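Take the given structure of chain A and dock chains B and C to it, following the hints.
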Amino acid sequence: MTVATDVREAAPPATPAAAARGPVVCHCRDLTVELGSSEGPRRVLEGITADLREGELVSILGRSGTGKTTLLRVLGGLVDPAPGSQVGFRGQPLDGPPEEAAFVFQDYTASLLPWRTVEKNVALGLEGKASKGEIRRRVADALETVGLAERARDYPWRLSGGMQQRVQLARGLAMDARVLLMDEPFGALDAMTKASLQDELQRVHQQRKPTIAFVTHDVDEAVYLSDRILVLGGSPATIVRDIPVELPRPRDQLATKELPQFHRLRRIVFDEIRAHHG
Amino acid sequence: MAREHGAKRRPGGTGRVNIPGLSTMAALVGLWELAVRSATVELEFLPAPSGIAGAVATLVATGELFPPLLHTLRAALVGWVAAGALGIGLGVVLGLSRPAWRYSMASIEVVRAIPPVSLVPVALLLFGFSLRMELLVIVYAGAWTVLVSTVEGVRNLRPELADVGRMLRMSKATAVRKLVLPSAMPSIVVGLRLALSLSLVLAVVAEMVGNPRGLGNALIRAQQALQPEQTFAYVVTIGLLGVVLNAGLRRMSARALPALAAGRGELA
Amino acid sequence: MTAATRAPAPHPPADAGDVRPPLPRRGRWDGQARRAPALPPLGGLLPLGALLLAWELRGSPGSPYFPPPTTWVDGLGALWTSGRLWPATHQTLSTFAVALAVATLLGALLGLLLGASAKADRAFGPTLEFLRAMPPAAVVPVAALLLGYGATMKAAVVTLAAIWPVLLSTRSGVRAIDPVLLDMARSLRLSALQRARHCVVPALLPSIFLGVRVAAPVALVITMLVEIVTRIDGIGALIATAQRSYLSGQVYGLILVAGLFSFLVNGLVSVAQAYAFRNRPNR
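Chains as they are written, first to last, in the numbering used here: chain A, 314 to 591; chain B, 16 to 283; chain C, 48 to 330.
Calculated from the structure, these hints are not laboratory results.
Accuracy of the hints is not assured; some may be wrong.
Rough simulated footprint, nothing fancy, chain B against chain A, three-plus residues with beta-carbon under 8 Å [as the list claims (entries may be wrong)]:
(1) 406-413
(2) 418-429
(3) 437-446
As the structure is a prediction and not an experimental result, all values here were calculated from the model.
All C-beta atoms in this analysis are idealised placements derived from N, C-alpha and C, irrespective of residue type, glycine included.
Chain A extracted, bound-state conformation:
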């Protein structure tokens, strides 16, 4: 645990509220990422330093194309950073996707296996790691949590977009992932489905308290859901601002959004984004 302590001491100055939260789960120091493109390597992220603490719901916010997804993928071990960067999970340097982390992809149709039923899709992460009975129990649990227990035997293409996204969520929950990395999970959904899924995510967060990193370009969504917002901007992108969101929980789609504090935070975030034009 000494490494974890070191990490905490080396962390950027935290707000008083943050100090009261749990240990750091994911961290990156001076993260730089270059991606190959048709014109040669392009520097997408530069000098990113951030911590994710246990039980937090952190939004990564920015305009399209700023590299939010890339940052999330780095934290999820799917993309290698440039040399000189440090990325770690529970204090250990990252070497591939961490065991406890589940990634929820933006394109839900493409990340579900069309030849498996919903329940077999949810079971995918557990196969070979638990007994059959245990798997069945955890899958049923997860489907119950996201409200898809009756659709367990259906194939994904029969489900609506919102339901397919919930299947992905269930997959992560069944794995008992302590960290959920979600890449614009509700971006492709209509407003009402989005609202109900946001609340569902909140509920899951209240119940199981996983650490959630949530990429979005929707300011309202970020303020509504998060404990903290990391605003990305510039090209190559850096963390422009780290905004704590102190709104009371549990949050409500109507009541919370009428609070003056909500509007104040919205304004702060919008201003940051506008100031860093892409």
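Then chains B and C, alone, in the frame of chain A:
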């Protein structure tokens, strides 16, 4: 072409019995019959449909149809299975291994450009008039078809699924088993279907040119004996065989891959 | 204020996550190219080259089964000097060209009819499906009975085989014509002929072309098939003759020629297609 604006054209047939279709076919057959009987069409050796039907009935009744039918069927199926096994086996290897793919695909494309039909004489050179010659041609042609489809299917794994595999930290073997192969199945099945039609056609061709057995051979013999009814009868049999095999494969693949057949209509 | 004075950032892709990272050091097991290249890498010709070389060095020229590549050239040379190669090439290619042209015309017309009229499609559909199921190889003896052994019979069989891709493609092309296009033509009060010339035909050209693209290799293959089976004339007949005389080098050489034709036909059709549709948006 007057229709509602915005309405999509529906293909003919609603799944119920296609009355206009069947009656048109019957009408055309009737016209044919009349034309031959009244000698309005002056084509020597054009048989009447009734004659063809009679010939088919005779062939079935005397049992003369079955030995060649079984021979062709067996050759086509055995060749197809062998072609499928070879094609899928090699295809998976080439699809998964980047270096292997790079250093072989161009050769495969070049060899594939040679029409299988032109290899029948080569097969004759090698094996003379025999079943082995027939099988050689069938397996050769079918294997390339299946190979190319398999390679394509394996290589076109959706990047999102590759990500899922990495996220779940699957070993390569597990990922191949659970992600790559199932995802490649539609492509592989298409290749297998093409190979099956190809197998049947090549079996018939090989028999016409060099095998003393089978439907192709019987067909040629009927033609050379100037027996038009029998000739047509064999043609019809070959056509029906193709339809039945294709439909059979389609049903089987629909049952084995229900998720894909219903949802994506690619196999329909 | 400051934002307005800054130059706009260069256009990144829709999401930076779309740009794929270079191979991570852990190695990728999915072993695929992100975008399939138009041609497979030329390094792939290595096995073929190696095979031909080994064959040449180790094969015995007298072998009736696997004559080495130089004998192929010799065999072809013999045909050339005896003046039989060129006429045969001409016969094959002319049958191919004529049959393809007729197939295109008939296929397009029929496809147009079937696509435009759902009733006609329903009525004639089953009959056409039945005819399509007849393998061309099996049709050859029938055609021989009815039309004798000659150029007409060859062309007829090839046409019958090559008509289907054009027909089917045109048919679906007609069905896919945007109704707005026809409404627009009617609202401009164009005559039926003008409508056909300016709207329908250009809209159908891509489908017809696609059909021809599929039909061309089919036509070539069936031409060769008919020639090999009936030995009427053309390259196929030469192959069959060479095989019977056990001139295996010649057989292989002629097959090479057949493959070359196939390659050229495919290439020409691609080029023609690219040229004809150079100004259209990429599908």
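- request: Apply the coverage criterion to the segment 406-413 of chain A and chain B: a residue qualifies when its Cβ sits closer than 8 Å to a Cβ of the chain, and three qualifying residues are needed.
  value: holds (count 3)
- request: Take the segment 437-446 of chain A, compare each residue's beta carbon with every beta carbon of chain B, and decide whether three or more fall closer than 8 Å.
  value: holds (count 4)
task: Can you take a look at whether the segment 418-429 of chain A is actually covered by chain B? Rule is 3+ residues, C-beta closer than 8 Å.
output: holds (count 8)
Comparing the model with each earlier hint shows no violations; every hint is respected.
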